[in-house]
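Position in the sequence shown (from 1) plus 9 gives the number in this note's numbering.
Just so you know, the hints here were simulated from the structure itself, not pulled from any lab data. Any given hint could be a false lead.
No more than 16 Å apart at the CA atoms, straight line, and that leaves these computed lysine to aspartate or glutamate pairs for EDC-like [what the hints assert, rightly or not]:
hint: 1; residue 1: K120; residue 2: E81
hint: 2; residue 1: K176; residue 2: E144
hint: 3; residue 1: K196; residue 2: E177
hint: 4; residue 1: K37; residue 2: E81
hint: 5; residue 1: K176; residue 2: E140
hint: 6; residue 1: K196; residue 2: E168
hint: 7; residue 1: K142; residue 2: E164
hint: 8; residue 1: K17; residue 2: E81
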Amino acid sequence: MVSASDLKEGIIIRRGKELFKVVEAETKAGTAQFSSHVFLKLKNLQTSHVIELRVDPEEKFEDVEVDEVEMEYLYTDGENFYFMHPETFEQYELASHMIGDFSEFLKEGTKIKVEMFEGRPVSVVIPEFVELKVERTGAGVKGGTDNTWKSATLENGMEILVPQFIKEGDIVKVSTKTKEYVERVHK
């Protein structure tokens, strides 16, 4: 059991029979007339619905231990995504709401961490950045400065703006939140 004041982003708890991931936890100190409260934003791991709660800092929640397994993306059938456990070669089907917007970054062989509870996947740990190869880009402007951007198509089909010095075959780091170029990866 964990008290509401100790909840942090990313912790998985059980309320009733459902599992929730803490999206946000903020403690508000009370004034002389009012007591302190903890404001929680919880994401239901089965439905992906987000609820907001205002609870007492001492209220107890059942924290759930999950195993984090790095799995390899295989394919999608349009509705679900299929991943393979690297050691057992067992395949797991993940609902599209678990992947969300990260689906744009998936390509065959991509490894992501999947949180497992009682032998079934309950959540996916979305990386902050991904590294992708530049498939197509223009030649750039001769004598261009670093402030000049050009369009590039990445190996997953995504089109982003990159600096002039990026060329075909380069590996670039892309933010999964903003879908923007971060830096060139030197390998």
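Practice prompt. Measure nothing beyond the straight line between the CA atoms of K120 and E81; if it is 16 Å or shorter, mark the hint as holding.
Written response: holds (4 Å)
Worksheet item: Does K176 pair with E140 here, judged by a C-alpha cut-off of 16 Å?
Response: holds (15 Å)
Item to complete: Could you grab the alpha-carbon distance between K17 and E81 and see if it respects the 16 Å cut-off?
Response: Status violated; Cα separation ~28 Å.
Worksheet item: Is K176 within 16 Å of E144, Cα to Cα?
Response: holds (9 Å)
Item to complete: Compare the distance between the alpha carbons of K37 and E81 with 16 Å, and conclude whether the hinted pair is satisfied.
Response: violated (41 Å)
Worksheet item: Does the alpha-carbon distance linking K196 and E177 stay inside the 16 Å limit?
Response: holds (15 Å)
Worksheet entry | Hint consistency between K196 and E168 [alpha-carbon to alpha-carbon, up to 16 Å] | Given that 16 Å is the threshold and the Cα spacing comes to 22 Å, the pair is violated.
Item to complete: Decide if the proposed pair is consistent with the structure: K142 and E164, CA atoms, cutoff 16 Å inclusive.
Response: holds (6 Å)
Of the numbered hints given earlier, the model fails hints 4, 6 and 8; all others are met.
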